[in-house]
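Residue numbers are given in the numbering used here: position 44 of the first sequence equals residue 44, and the series is strictly consecutive.
Just so you know, the hints here were simulated from the structure itself, not pulled from any lab data.
On a predicted model such as this, the values are computed, not experimentally measured, just so you know.
Treat the hints with caution; some may be incorrect.
Taking lysine-lysine and the PhoX-like style, the derived pairs with C-alpha atoms no more than 25 Å apart in a straight line are [to be verified]:
(1) K29 / K114
(2) K30 / K114
(3) K59 / K92
(4) K113 / K23
(5) K3 / K92
(6) K3 / K29
(7) K113 / K29
(8) K92 / K23
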Amino acid sequence: MTKLPLSFYQRSALQVAPELLGKVLVTCKKGEITSGVIVEVEAYTGEDDPASHVYQGRKTPRTRILYEAGGRVYVYRIYGIYTCLNVVTGEKGQPHSVFIRALEPREGIEVMKKRRGTEDIRRLTSGPARLTQALGIDMNFYGESLTGERIFILDSSSLPPHEIATSPRINIDYAGEGRNLPYRFYLRNSPFLSRR
DNA sequence: TGTCCGATTGGT
DNA sequence: CCAATCGGACAG
Numbered sequence: 001m002t003k004l005p006l007s008f009y010q011r012s013a014l015q016v017a018p019e020l021l022g023k024v025l026v027t028c029k030k031g032e033i034t035s036g037v038i039v040e041v042e043a044y045t046g047e048d049d050p051a052s053h054v055y056q057g058r059k060t061p062r063t064r065i066l067y068e069a070g071g072r073v074y075v076y077r078i079y080g081i082y083t084c085l086n087v088v089t090g091e092k093g094q095p096h097s098v099f100i101r102a103l104e105p106r107e108g109i110e111v112m113k114k115r116r117g118t119e120d121i122r123r124l125t126s127g128p129a130r131l132t133q134a135l136g137i138d139m140n141f142y143g144e145s146l147t148g149e150r151i152f153i154l155d156s157s158s159l160p161p162h163e164i165a166t167s168p169r170i171n172i173d174y175a176g177e178g179r180n181l182p183y184r185f186y187l188r189n190s191p192f193l194s195r196r
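Using the sequences and the hints given, assemble the complete structure.
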């Protein structure tokens with residue numbers, strides 16, 4: 001297996017998002033490898049997207065990395081407690097990203113159980129803030145390259161289209177009209193989705 | 001400087 | 001259904 005190349009990421013979020021399903025997200029922290037198959041993502045499509053952190057051209061210290069070329073990590077804090085992970089996509093100056101919402105655990109399950117404080121496999125990585133905790137992803141990962149050693153995504157064969165489902169994005173009621181856009185993509189039969 | 005609020009989660 | 005908990009965004 002080989003890492004996805006930068007060229008994979010340097011396209012629009014709507015192209016990249018469904019293609020990330022079935023790929024394997026890996027982190028290596030203090031020699032401990034943890035990984036999971038990506039089963040749920042959402043596309044955030046830049047300054048015209050009411051749900052995006054860069055809506056209407058907000059350029060702030062937090063969103064700086066979104067304006068760089070695709071292939072890096074965008075992490076942010078939410079509710080003062082949790083960390084959420086995005087993959088930056090698009091060309092430089094095109095602030096797209098793909099929000100990673102859920103994984104199916106693969107490698108390092110014992111480490112993940114310890115980090116999450118639960119034995120329940122279904123609650124290890126089935127949610128955006130759960131998976132970051134399980135994989136040890138914190139704010140120090142801001143801007144990290146996805147072609148490096150700490151965090152990367154492994155390539156794998158494409159999935160048959162009928163396994164991929166679409167829906168509106170979750171918990172973006174603040175986005176007005178944008179709340180109905182079908183920008184969430186997930187593996188139809190996965191037991192590891194984030195739904196509650 | 002002050003106020004408002006969230007791309008969530010876990011427990012009632 | 002609701003609280004937790006604090007940095008970011010923005011108004012003044």
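Results of checking the hints against the structure:
Simply put, K29 and K114 have alpha-carbon atoms about 14 Å apart, close enough for the 25 Å limit, and the pair holds. Between K30 and K114 the CA atoms are separated by roughly 15 Å; this keeps the pair inside 25 Å, and the hint holds. With a C-alpha separation of about 14 Å, the suggested pairing of K59 with K92 holds against the 25 Å cut-off. Between K113 and K23, the direct Cα distance comes to roughly 22 Å. Compliance with the 25 Å bound is thereby established for this hinted pair.
For a cut-off of 25 Å, the pair hint linking K3 to K92 stands: about 21 Å separates their Cα positions. Annotation: proposed proximity of K3 to K29 holds, straight-line Cα distance about 17 Å (limit 25 Å). Between K113 and K29 the CA atoms are separated by roughly 15 Å; this keeps the pair inside 25 Å, and the hint holds. Among the hinted pairs, K92 with K23 is consistent with the structure: their alpha-carbon atoms are about 24 Å apart, no more than 25 Å.
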